[in-house]
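> Take a look at the letters that make up each chain.
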Amino acid sequence: TQLLEQSPQFLSIQEGENLTVYCNSSSVFSSLQWYRQEPGEGPVLLVTVVTGGEVKKLKRLTFQFGDARKDSSLHITAAQPGDTGLYLCAGGETGGQNFVFGPGTRLSVLP
Amino acid sequence: ETGVTQTPRHLVMGMTNKKSLKCEQHLGHNAMYWYKQSAKKPLELMFVYNFKEQTENNSVPSRFSPECPNSSHLFLHLHTLQPEDSALYLCASSQAGQGILYEQYFGPGTRLTVT
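Listed in order, the protein sequences are those of chains A and B.
Reminder that position 77 of the first sequence reads as 77 in my numbering, one-by-one numbering, no gaps.
So the mapping is simple: my numbering equals the position in the second sequence, first residue as 1, plus 111.
Hints in this document: simulated from the structure, not taken from any laboratory.
Accuracy of the hints is not assured; some may be wrong.
[Said to hold, decoys possible] No farther apart than 20 Å at their CA atoms in a straight line, the calculated lysine to any residue pairs in the SDA-like style are these:
{"id": "1", "chain 1": "B", "residue 1": "Lys151", "chain 2": "A", "residue 2": "Arg36"}
{"id": "2", "chain 1": "B", "residue 1": "Lys130", "chain 2": "B", "residue 2": "Gln206"}
{"id": "3", "chain 1": "B", "residue 1": "Lys152", "chain 2": "A", "residue 2": "Gln2"}
Pulled out of the complex, with its shape left as it was, chain A reads as follows:
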């Protein structure tokens, strides 16, 4: 059974600080996705990474896929209250629709 772990489980920081959250597995995935979920809403896809070592930037968010395609990180620069939410990672297989989700990192950015 493929499992994804995320750390930290909870993170509370001040506006303007930088942070990194992690997604780890003992399994290899052909793709990895990051989502943000706000209270009362469904997850919203932020990015998909598919190549080992790949780095993608989305404004203040930087996503990295590990060389071995077993782990990923999300770095947020100068966090803002609007970044508050549950950050989920999900691993997938080539041609597969059975994504495995991690338990999430709950981020709170205080003004």
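For chain A, the structure is supplied; the task is to place chain B on it using the hints.
For chain B alone, kept in the frame of chain A given last:
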């Protein structure tokens, strides 16, 4: 309406009731999904439909019965549920096809409470 919509947003039902959750996607996708999100567990995939045909059933109890009449609509029929079935039920859609990268778009969910 745009994106993926779900109704109702909140549902309280007794263990002997029968109810249905509805999902509609306005994105032209041809794959639809049901997920369960509990407080203490990661998001769990329940069912997948591609081009109206069920392709995944992740050992879901028979008290949950999905229906996909067309590529835009997905239902989850509920009967004789248990209190531990209380959760947020999320619908998602994506394109489907060989070799594509599945990127799922989620609805806002139905918060279900079983009393």
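> Now look at each hint and say whether the structure bears it out.
Quick rundown of the hints versus the structure:
1. Lys151(B) to Arg36(A): Holds, because 18 Å separates the two Cα atoms, which is no more than 20 Å.
2. Lys130(B) to Gln206(B): 28 Å, violated
3. Lys152(B) to Gln2(A): OK: Lys152(B) and Gln2(A) at ~15 Å, within 20 Å.
The structure does not agree with numbered hint 2 stated previously, though it agrees with all others.
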